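Chains as they are written, first to last, in my numbering: chain A, 360 to 649; chain B, 210 to 618; chain C, 2 to 324.
Since the hints were made in silico from the structure, they are not lab data.
Please note: incorrect hints may appear among the correct ones.
To be verified - In silico negatives: residues of chain C with every beta carbon more than 10 Å from chain A:
no.	residue
1	Tyr109
2	Ser196
3	Thr238
Unchecked claim - No farther apart than 30 Å at their CA atoms in a straight line, the calculated lysine-lysine pairs in the BS3-like style are these:
no.	chain 1	residue 1	chain 2	residue 2
4	C	Lys104	A	Lys637
5	B	Lys618	C	Lys143
6	A	Lys523	A	Lys546
7	C	Lys104	B	Lys364
8	A	Lys637	C	Lys195
9	B	Lys347	B	Lys282
10	B	Lys347	C	Lys143
What the hints assert, rightly or not - Quick list of the computed label-pair ranges, beta carbon to beta carbon:
no.	chain 1	residue 1	chain 2	residue 2	range
11	C	Ser77	A	Glu580	36 to 46 Å
12	C	Lys177	A	Val632	31 to 41 Å
13	B	Ser566	C	Ser77	55 to 65 Å
14	A	Gly450	C	Leu93	42 to 52 Å
Note that the structure is a prediction, hence the values are computed from the model and not measured.
Backbone N, C-alpha and C define an ideal beta-carbon position, used for all residues, glycine too.
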Amino acid sequence: MDILGAQLVNGLSYGLLLFMITCGLSLIFGILGVLNLAHGSLYMFGAYIAYSLTATYTQSFWLALVVAPIIVALIALAVERILLRPTYHLGHLSQVLLTFGLAYVFHDLASSVWGSNVLSVAVPSSLAGTATIFGQAFPVYRLAVIFIGLIIAVLLWAIQEKTKWGAIIRAGLSDKEMIGGLGINIKLVFTVVFVIGGILAGLGGVVAAPVLGIYPSMEFETLILALVVLVIGGLGTIGGTLAASLLVGLVETFSRFLLPELSMFLVFGLMAVILVFKPNGLLGKQVAHS
Amino acid sequence: MKKKWTMLISIIVVFTMLAACGESAINSSSEAEADNNSKKKSGGGGETIKVGAILPFSGVYASLGKDLSDGMKLYFESVNWEAEGKKIELIEEDTEADPQVSLRRVRKLMDQDNIDILTGAVSTAVAYAIRNDVDSNKLPYLVSHAGGNDLTRSKRSDYIWRSSFSSWQIGHSMGEWAYKNVGKKMYVAAADYAFGREVSAAFKEAYTAAGGEIVGEVYPPLGNNDYASYLTSMRGVKADGVYAFFAGSDAVRFVQQYEQYGLKDKFPLVGSGWLVAEDLRQTIDPAAAGTFASTFWDYNLNTKENKEFVKAYEKAYNRRPTIESLEGYDAARIISEAVTKLGGDVSDPEKVIEAISNVSFTSPRGPIEFDKDTHHVIQNMYITETKLVDGKTENEVIHTIETVKDPGK
Amino acid sequence: MKNTYVKFLISFLALASTPFILSLFHLNLLSEILILAIFALSLNVLVGFTGLVSLGHAAFFGVGAYTAALVAQHFSANLLATLGIAAFVSLLFAAIIGAFCMKVNGFYFLMLTLAFSQMIYSFIHQSTNLTGGSNGLSGIPKPEIGAFSFANPVLVFYLVLVIFMISYAVLRITVKSPYGQVLIGIRENETRVKSMGYNTSLYKYSAFIIAGVFGGVAGTLYTYFNGFIAPSDVYWTMSGTVLIMVLVGGSGTMLGPVLGSALIVILETIVSSYTSLWMLILGAVLIAFVVFFPKGMVGIGQSLYRRFTNKPSVVNEKKSRAA
Numbered sequence: 360m361d362i363l364g365a366q367l368v369n370g371l372s373y374g375l376l377l378f379m380i381t382c383g384l385s386l387i388f389g390i391l392g393v394l395n396l397a398h399g400s401l402y403m404f405g406a407y408i409a410y411s412l413t414a415t416y417t418q419s420f421w422l423a424l425v426v427a428p429i430i431v432a433l434i435a436l437a438v439e440r441i442l443l444r445p446t447y448h449l450g451h452l453s454q455v456l457l458t459f460g461l462a463y464v465f466h467d468l469a470s471s472v473w474g475s476n477v478l479s480v481a482v483p484s485s486l487a488g489t490a491t492i493f494g495q496a497f498p499v500y501r502l503a504v505i506f507i508g509l510i511i512a513v514l515l516w517a518i519q520e521k522t523k524w525g526a527i528i529r530a531g532l533s534d535k536e537m538i539g540g541l542g543i544n545i546k547l548v549f550t551v552v553f554v555i556g557g558i559l560a561g562l563g564g565v566v567a568a569p570v571l572g573i574y575p576s577m578e579f580e581t582l583i584l585a586l587v588v589l590v591i592g593g594l595g596t597i598g599g600t601l602a603a604s605l606l607v608g609l610v611e612t613f614s615r616f617l618l619p620e621l622s623m624f625l626v627f628g629l630m631a632v633i634l635v636f637k638p639n640g641l642l643g644k645q646v647a648h649s
Numbered sequence: 210m211k212k213k214w215t216m217l218i219s220i221i222v223v224f225t226m227l228a229a230c231g232e233s234a235i236n237s238s239s240e241a242e243a244d245n246n247s248k249k250k251s252g253g254g255g256e257t258i259k260v261g262a263i264l265p266f267s268g269v270y271a272s273l274g275k276d277l278s279d280g281m282k283l284y285f286e287s288v289n290w291e292a293e294g295k296k297i298e299l300i301e302e303d304t305e306a307d308p309q310v311s312l313r314r315v316r317k318l319m320d321q322d323n324i325d326i327l328t329g330a331v332s333t334a335v336a337y338a339i340r341n342d343v344d345s346n347k348l349p350y351l352v353s354h355a356g357g358n359d360l361t362r363s364k365r366s367d368y369i370w371r372s373s374f375s376s377w378q379i380g381h382s383m384g385e386w387a388y389k390n391v392g393k394k395m396y397v398a399a400a401d402y403a404f405g406r407e408v409s410a411a412f413k414e415a416y417t418a419a420g421g422e423i424v425g426e427v428y429p430p431l432g433n434n435d436y437a438s439y440l441t442s443m444r445g446v447k448a449d450g451v452y453a454f455f456a457g458s459d460a461v462r463f464v465q466q467y468e469q470y471g472l473k474d475k476f477p478l479v480g481s482g483w484l485v486a487e488d489l490r491q492t493i494d495p496a497a498a499g500t501f502a503s504t505f506w507d508y509n510l511n512t513k514e515n516k517e518f519v520k521a522y523e524k525a526y527n528r529r530p531t532i533e534s535l536e537g538y539d540a541a542r543i544i545s546e547a548v549t550k551l552g553g554d555v556s557d558p559e560k561v562i563e564a565i566s567n568v569s570f571t572s573p574r575g576p577i578e579f580d581k582d583t584h585h586v587i588q589n590m591y592i593t594e595t596k597l598v599d600g601k602t603e604n605e606v607i608h609t610i611e612t613v614k615d616p617g618k
Numbered sequence: 002m003k004n005t006y007v008k009f010l011i012s013f014l015a016l017a018s019t020p021f022i023l024s025l026f027h028l029n030l031l032s033e034i035l036i037l038a039i040f041a042l043s044l045n046v047l048v049g050f051t052g053l054v055s056l057g058h059a060a061f062f063g064v065g066a067y068t069a070a071l072v073a074q075h076f077s078a079n080l081l082a083t084l085g086i087a088a089f090v091s092l093l094f095a096a097i098i099g100a101f102c103m104k105v106n107g108f109y110f111l112m113l114t115l116a117f118s119q120m121i122y123s124f125i126h127q128s129t130n131l132t133g134g135s136n137g138l139s140g141i142p143k144p145e146i147g148a149f150s151f152a153n154p155v156l157v158f159y160l161v162l163v164i165f166m167i168s169y170a171v172l173r174i175t176v177k178s179p180y181g182q183v184l185i186g187i188r189e190n191e192t193r194v195k196s197m198g199y200n201t202s203l204y205k206y207s208a209f210i211i212a213g214v215f216g217g218v219a220g221t222l223y224t225y226f227n228g229f230i231a232p233s234d235v236y237w238t239m240s241g242t243v244l245i246m247v248l249v250g251g252s253g254t255m256l257g258p259v260l261g262s263a264l265i266v267i268l269e270t271i272v273s274s275y276t277s278l279w280m281l282i283l284g285a286v287l288i289a290f291v292v293f294f295p296k297g298m299v300g301i302g303q304s305l306y307r308r309f310t311n312k313p314s315v316v317n318e319k320k321s322r323a324a
């Protein structure tokens, strides 16, 4: 029984890590309708900047946790203003392709700046130890990841449900013309949402770096995983993304435990099964466009 | 409609122009059939020896490619890029670690650059992919990294020689030592790809032959990003140690998480040199301490040759050499010595491979020579232990297995 | 219509004469371009004509290539056997995967095709005993018919050329036929075509299968051409590259994918001698085309043509008629 409990904790921790990586992508897709394939690259920048900050300039993980997402947000701002804003008229598919091209460009930029060595961000000393749960040793950092992930989930939920901005965002999700008609600057909403997505991607990068490491092509692996979570959850809902993250986290963890050789296969299989039976994802709403 | 066809035809015209300087394919392929031995090479009797290197400069293996390249350049620099008065020209091509791209590059090196000798390949898939083209074109090829067993076994070619290692050498050398020094029961964890499978199979073979028992094994997928689940299940295993084969980012994550989940105090970690490789260890620190690994070279190998190599490398590049730097350095030396032995005449591939096969010297890794039956290098293998020195980890060579020869089947 | 046959014949003869002019290296490059052109053309049936964007087309390429390789290694290297079985197995896979993918639309379709192709990739990458795993399969015998073997690159080129011309012709006839017009109608407005009484799911499903089979044929040729196949050719990056070829060349046209594959292959070969930042260049090219030339190279050609002749483009006329 202990081992199942321990694997449950592993699954939760991994699932919330996935949530942190995916929520920005989900937010942007929900409101802008743009599937941002450069999301993985923003995540990667978060991780690399955290590495530079902790390894070279300062030893503080906490500083990196604040600074790296801000820098990534600036990159996201530049991307939105320069590349996406002038091209909204081209349609969603074209914009997906733009972000796809951007991911390729960012890939080589990152390798020119940071090289291609395998790197890692050290766990802050206050979270470095292990704690014993179910008779098993767990790194404290993993437990902290669960905690941080839940905080972000609650924050996002509260913003969406309880604030004026959240109302605008929800309105934008269901009817873009309407909020334009209400005199709200839709372009500004798009920019703000994209930047928030960038912050979340950067944050995910910093938090995940001590666990998942930093290596060439990390962004594409992360992106694919994030897309799977996004699709399983249903595009554009925070609740769905959280549910899907936890589901994927638990399925991966338990499949590694029970059927280790099939674990990669199973996550994609899970996605295929869910899409076939629930074509809009676990909690997805009927999205009108195709 | 008309425009489209005009475009298609203009493409063909462009191609024709591209080819204006080359000889036509019909000619070269029929010539190849008519006279297999004559090689029309500008470099053969000319003033420069052209060495082609196919290495990954982008993609997941990019850092390995760079180290191999730097190692080669260090050696060629030390002989002034000359052999027997002839200039050595190194032409590097990026494989992107993709076999298809690599084959295209090799064809370019053969047909456009007319190289005399080929070296490189980090990924075994790349080496296998180019094997037939190299063989049918009679191009001498010195493999300087790719370790797949079959390259010097079922896929052996007269023109392919390997100076690096085979999966078998890496895995097998640990078996007996682990049985005598770690314990009688081992658990095996290896990345699920050909290299991981081959190395762990060789380890199991040697370990069980020595009398040991494998109590369990697990093969996480390559590029698996979280080992928590595997490590949690591993805790309950009744074993004296864990043998692990992982490389690159997998190795960093595995070794770090192995310590974080408190397994290091329970089972000693045993593996291949890549688990605690020179460039990874600065990242893994200090979780790597206490690991035993089998390898064919180490930074701290205490020989005159190695100290000179390390000193020269650090002076040139201002960073520590890795095992790949050493592989590049040795490959360059083997090529230079073979060319020197031939008096600088590399026009006959049969003579080039014969010269390569006769090269033997004391490398920074110890004495090396080629096994003429398998075309694979005979070298010492070392067992290292990773220790904490002033808060940083260092490997120490604690055991030497001399002149290890791949069985070739 | 007669004119088309003449042009077809002229291009065939022009291409057939290339081995007498081109060097071996360039001929190999041309073979590769033609193979990838078939692959891009097959994807174009989905992306360009039916409006279904797939990011998993490499699955069929891989299935075809691996099937041909396994058949050649274990049973017979006969051209008809390897090509026939590979095409049939690709058809089976396309029929199964298509049945699932038809249930979803838009981005979900893109993701589901990606998921299936990654599942096939994982299977190939992990089944070391069957597929050679990460090392791939190598030393695959060249195709043969009876005692005749396609042993040298020039013969392989002619084989590739003939199959390319046949594939091009078949696909062109398909998209020009009433069936193809319905596909275009689905791309433009599915609801309307449905309300006209067409069973659009069946049309989309059959388009998926056609694309899958020709993808498999391209994969088979790749195996013939290289004598090896590795899992990297089944990875999603391969799907990404072929999608870029279609878009850069001009989706929804017959010549576009061919031009796209030529551009990407030639560009990579030239660029790689100078820099290893190939992905950056590829990404920048894609961005430039999406923003400035959304109709691809064919679109550029058309506008140049218009500028010189002051005539409206033929293709545009057709499009407006279809819409």
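Of all the hints numbered above, which does this structure not satisfy? Sort the numbers upward.
Numbers 1, 3, 7, 13 and 14, in rising order.
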